[in-house]
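Sequence order for the protein chains is A and B.
The opening position of the first sequence corresponds to residue 1 in my numbering, with each subsequent residue numbered one higher.
The opening position of the second sequence corresponds to residue 1 in my numbering, with each subsequent residue numbered one higher.
Everything labelled a hint here was simulated from the structure, so no lab data went into it.
Accuracy of the hints is not assured; some may be wrong.
[Claimed, not checked] Calculated cross-link-like contacts (lysine to aspartate or glutamate; reagent style EDC-like; alpha-carbon spacing at most 20 Å):
{"hint": "1", "chain 1": "A", "residue 1": "K88", "chain 2": "B", "residue 2": "D90"}
{"hint": "2", "chain 1": "A", "residue 1": "K91", "chain 2": "A", "residue 2": "E148"}
{"hint": "3", "chain 1": "A", "residue 1": "K91", "chain 2": "B", "residue 2": "E157"}
{"hint": "4", "chain 1": "B", "residue 1": "K88", "chain 2": "A", "residue 2": "D90"}
{"hint": "5", "chain 1": "B", "residue 1": "K91", "chain 2": "A", "residue 2": "D93"}
{"hint": "6", "chain 1": "A", "residue 1": "K88", "chain 2": "B", "residue 2": "D93"}
{"hint": "7", "chain 1": "B", "residue 1": "K91", "chain 2": "B", "residue 2": "E133"}
{"hint": "8", "chain 1": "A", "residue 1": "K91", "chain 2": "A", "residue 2": "E199"}
{"hint": "9", "chain 1": "B", "residue 1": "K91", "chain 2": "A", "residue 2": "D90"}
{"hint": "10", "chain 1": "B", "residue 1": "K91", "chain 2": "A", "residue 2": "E133"}
{"hint": "11", "chain 1": "B", "residue 1": "K88", "chain 2": "A", "residue 2": "D93"}
{"hint": "12", "chain 1": "A", "residue 1": "K91", "chain 2": "B", "residue 2": "D90"}
Fair warning: this is a prediction, and the values are worked out from it, not measured in the lab.
Protein chains: 2
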Amino acid sequence: MRPLVRVPLGALVEGEQLLDAAAAHYLTRVHRLGPGDPFVAFDPVLALEADAHIAALAGPRVRVRCEAPRPAALRAVRALVVVQCVAKADKLDAVVRDATELGATRFVPAVAERSQRRPSGGMTARLRRVAVEAARQCGRGDVPVVDEPRALAEAVEELAPRGDAAVGLCLEPSAAERLAACARELGRAASVTLLVGPEGGFTPGERAHARAQGYREVALGPLVLRAETVCAAALGGLAALGFAPFG
Amino acid sequence: MRPLVRVPLGALVEGEQLLDAAAAHYLTRVHRLGPGDPFVAFDPVLALEADAHIAALAGPRVRVRCEAPRPAALRAVRALVVVQCVAKADKLDAVVRDATELGATRFVPAVAERSQRRPSGGMTARLRRVAVEAARQCGRGDVPVVDEPRALAEAVEELAPRGDAAVGLCLEPSAAERLAACARELGRAASVTLLVGPEGGFTPGERAHARAQGYREVALGPLVLRAETVCAAALGGLAALGFAPFG
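Start from the sequences, fold in the hints, and give me the full structure.
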């Protein structure tokens, strides 16, 4: 059986409501649903979802009926923060999609010394839309918080691991230690902060600052991965080592 | 120090040679190298590399001198075969790039029952170019073999795990077992074959066939990942669990 179509709604309350144009288009044009057809409505910010169906169509306007909202079935249960240094714009879109599918709870675009590009004004809003769309596609009921871009040093300090159940990792291809060496800590960790460098990597000063803040330097392997690959590979590695973001 | 520019050469022999137009453009236009500037030439098929420098420029023609070739420093030391069911064309490009960076030694495009697209004529040639380009960028000295597309059932049989040191994995979001459960086998495995389904997933018949051929069904997590994400996340997971492709 095909899973039901999922649609993010801003205000998920029991009863009838009119859809906005984007949601209406998605249900009736992309998926060709009609009156009586069921779907799942979800509120990614509150991590709620509800059974719903189309109540009536009137031209382009679509009236739907939602049942009582319930907590989303698939939502992240551990804090997984990805601090991703800014690369070219379309690459960050791909990284946010990967991070959402693989359980990140917060995504922080950071500007490092070797970031080749300053963030543009509309970037954060676009990344938030990308995260919601990725949550819809993969069946996740919540969505990572996407921060405004900030200086790497500031993010490193604010999100540094504090306490026994917090792990901070700085991905660095030249690190002596592999991610696999962190299996024991990851298996019992309640939160992970992951630092992913820009193309060109972290500077020696940035690495020293992260170490001083309690981050461990680990390598995924000896090669220099592209920004689009490294986040997915690292989050796949965390999950394999027992830091299963969805429980 | 910036790593040296790497250029794939078809015939890597000691002595002087003229570059083809693409390699000449790359060295002198993209990277603006001139006479005397060093670079690394590599033959991704034979996994050889050599120190080299530009000997002379004559208009668009570039003469280079290569020292004696040596085995490439970073090359895959374990067999890692990715059988990727065909999705949209540009997605396969991204998957081949990820697979190359993360140590695949062979990439097999497969046509499954739910593959929404038949492979086009030029696909294999393009994927081979993508693999060489990814090897150049990430510093890998060899390149995965890219097969012609074939039926999934045929690939599943030919590449099935045989013997104690071979592991076959079928990635299936609904599997009861997680990838992490394979840590012991992966740590001592000499080869891994990974089956990645199309959008829409494997059919029950395809799953049963893979199980009968000795593949274990494992999930990366409860969500349905996009084709572009799943390969990178799975290979990151394998590396984290001790199947380090580059040793």
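Hints, one by one, checked against the model:
no.	hint	verdict
1	K88/A <-> D90/B	holds, 19 Å
2	K91/A <-> E148/A	holds, 17 Å
3	K91/A <-> E157/B	violated, 37 Å
4	K88/B <-> D90/A	holds, 19 Å
5	K91/B <-> D93/A	holds, 15 Å
6	K88/A <-> D93/B	holds, 19 Å
7	K91/B <-> E133/B	holds, 16 Å
8	K91/A <-> E199/A	holds, 11 Å
9	K91/B <-> D90/A	holds, 15 Å
10	K91/B <-> E133/A	holds, 18 Å
11	K88/B <-> D93/A	holds, 19 Å
12	K91/A <-> D90/B	holds, 15 Å
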